[in-house]
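Hey, can you work out the whole structure from these sequences and the hints?
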Amino acid sequence: MSVLVLIEHEGGAIKDASLATVTAAQKLGEVHALVAGSGEEAKQAAEATAQIASIAKVLLADDQAYQNMLAENVAPLIAGLMGSYDALLCNATSNGKNIAPRVAAMLDVMQVSDVLSIESADTFTRPIYAGNAIATVKSSDAKKVLTVRGTAFAKALASGGSASIEAVSGPTDAGLSSFVGCETSKSERPELTSAKVVVSGGRALGSSEEFHRVIDPLADKLGAAVGASRAAVDAGYAPNDYQVGQTGKIVAPEVYVAIGISGAIQHLAGMKDSGTIVAINKDEDAPIFQVADLGLVGDLFQIVPELTQKL
Amino acid sequence: MKILVPVKRVIDYNVKPRVKMDGTGVDLTNVKMSMNPFDEIAVEEAIRLKEKGSASEIVVVSVGPQKAQDTLRTALAMGADRAILIQTDAEVEPLAVAKLLKAVMDEEQPGIVLLGKQAIDDDSNQTGQMLAALSGRPQGTFASKVEVKGDSVEVTREVDGGLETVSLKLPAIVTTDLRLNEPRYASLPNIMKAKTKPMANKTPADYGVDITPRLTTLKVEEPAKRQAGVKLGSVDELVAKFKDLGVVA
Chain A
1 MSVLVLIEHE GGAIKDASLA TVTAAQKLGE VHALVAGSGE EAKQAAEATA
51 QIASIAKVLL ADDQAYQNML AENVAPLIAG LMGSYDALLC NATSNGKNIA
101 PRVAAMLDVM QVSDVLSIES ADTFTRPIYA GNAIATVKSS DAKKVLTVRG
151 TAFAKALASG GSASIEAVSG PTDAGLSSFV GCETSKSERP ELTSAKVVVS
201 GGRALGSSEE FHRVIDPLAD KLGAAVGASR AAVDAGYAPN DYQVGQTGKI
251 VAPEVYVAIG ISGAIQHLAG MKDSGTIVAI NKDEDAPIFQ VADLGLVGDL
301 FQIVPELTQK L
Chain B
1 MKILVPVKRV IDYNVKPRVK MDGTGVDLTN VKMSMNPFDE IAVEEAIRLK
51 EKGSASEIVV VSVGPQKAQD TLRTALAMGA DRAILIQTDA EVEPLAVAKL
101 LKAVMDEEQP GIVLLGKQAI DDDSNQTGQM LAALSGRPQG TFASKVEVKG
151 DSVEVTREVD GGLETVSLKL PAIVTTDLRL NEPRYASLPN IMKAKTKPMA
201 NKTPADYGVD ITPRLTTLKV EEPAKRQAGV KLGSVDELVA KFKDLGVVA
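In the order they appear, the protein sequences are chains A and B.
Using the numbering used here, read the first sequence as starting at 1 and increasing by one per residue.
Using the numbering used here, read the second sequence as starting at 1 and increasing by one per residue.
No lab work stands behind these hints: they were computed from the structure.
Keep in mind that this is a model prediction, so the values were computed, not measured.
One thing to keep in mind: the hints can contain errors.
[To be verified] Label pairs and their calculated CB-CB ranges:
{"#": "1", "chain 1": "A", "residue 1": "210", "chain 2": "B", "residue 2": "182", "range": "15 to 25 angstroms"}
{"#": "2", "chain 1": "B", "residue 1": "210", "chain 2": "A", "residue 2": "283", "range": "44 to 54 angstroms"}
{"#": "3", "chain 1": "A", "residue 1": "140", "chain 2": "B", "residue 2": "222", "range": "54 to 64 angstroms"}
[Stated by the list, open to error] Reference listing, derived: stretches of chain B covered by chain A, where coverage requires no fewer than 3 residues with Cβ under 8 angstroms from a Cβ of chain A:
{"#": "4", "stretch": "45-57"}
{"#": "5", "stretch": "150-163"}
{"#": "6", "stretch": "209-220"}
{"#": "7", "stretch": "223-229"}
Beta carbons: idealized from backbone N, C-alpha and C, even for Gly.
Laid out in structure tokens, this is it:
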């Protein structure tokens, strides 16, 4: 079986989620990787991808039209390449979720979303109902299109490989959409979905100022990424890209610290595969304590600063 | 401009799903069902666009059992103008739903199709993108802001790194994220009025779409359960635990 993986990259570096997707792809067959982008950054990303130990070939599609990963431009490129492949694997990230279904429909394939494990060439497991159930599904489509949950697979080794890089081209700008701009949260902290430690805050923080005053120093002490519950994001205490949960980001760090988060099922869906869960909450009956390995009941405004200071 | 809003009847957001003992699926007997929350946000956004004068008519459509009529009535009570039920008791996959919606698009010629980014039952997050592919139109997924500007629509998207804004030529497909708006409650007079709004009854066969599933569900299981751990007595105990875990020196 030959498999194509769409690599996500930024500033010439490969995203960790793509390394996990490469591991999933290896279970299906020979792995080729597609790097789409433009200019020097795309070239650097292709060179980095060629170093991944388990990749047989890198396809580099260099065109201004692929610069911002607009689905209208990238999906036809991938669909055009799929004649030579049996499966397409993308990350279950905002980019992967945006592009993969568009490719699947172009190929008349029913996509399998958020794959947790590869049981065989056509059988996969995936979470449904906010992770309250795990379905094993078998695909009857000739080609497979999967998005892969990054936390469910180990990262492929980013070095040791020496794949060849081949230039490919496809349709250019479809003329349907254009990129206007972006507001990205710049942070020195590790990326939320691949951090070893995550400190998340909930609605109990009460305001954006308190959220940062209480959560940030603890995260700094632990070298942690910062997350938030939906309630905290909806209330404007934290930006949207902090949201952990069913429809936000899925995280599985070694240690997850939930502060002032009650533990709605939609939040648990995003973090219950973490190694050790620590919960700090004033309500001793909060559902978060049903999944937490370590719990501390009390006022977070006293506990967290004291904890930060003592660490 | 007409706006088409596909809506899905799903398990209520507040209900904890239970896996059936025989492993064939999730037990939905006597479970409260509601409109998929993301679709509710889509209906609300369509109404706001109409109130702003950017849209003239809102058509809601649902693919599902007869009971999906209730979901459509809810949308009509919120402010949609008319409804189409494509009735089937079969479980319809996103690809087939997208094909049915493409057929509805061909008939209705909407300027925007606004729908939820994912349904909270199967969590696929595919239908909007697939509809965009099948209709050859642009897609603005995971929208937190939607602004019609002449013959295009500007969509601010919630992405992994923050927010991203794209401009799409109309007609376009837009899928909603949580922060787009807060849906209104239907007032009693509007609930009464909704009962007389038109609802067309169709079947997948009327649109000539084959809805045979491509995926077979072999089994559905409960995920491994986490056990509740220990409650600590003091911050010092937690500090010691953090040191055991090796996350601090």
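Outcome of the hint check:
{"no.": "1", "hint": "210/A with 182/B: 15 to 25 angstroms", "verdict": "holds (23 angstroms)"}
{"no.": "2", "hint": "210/B with 283/A: 44 to 54 angstroms", "verdict": "holds (51 angstroms)"}
{"no.": "3", "hint": "140/A with 222/B: 54 to 64 angstroms", "verdict": "violated (26 angstroms)"}
{"no.": "4", "hint": "45-57", "verdict": "violated (count 0)"}
{"no.": "5", "hint": "150-163", "verdict": "holds (count 8)"}
{"no.": "6", "hint": "209-220", "verdict": "holds (count 8)"}
{"no.": "7", "hint": "223-229", "verdict": "holds (count 4)"}
Hint compliance for this structure: hints 3 and 4 are not met, and every other hint is.
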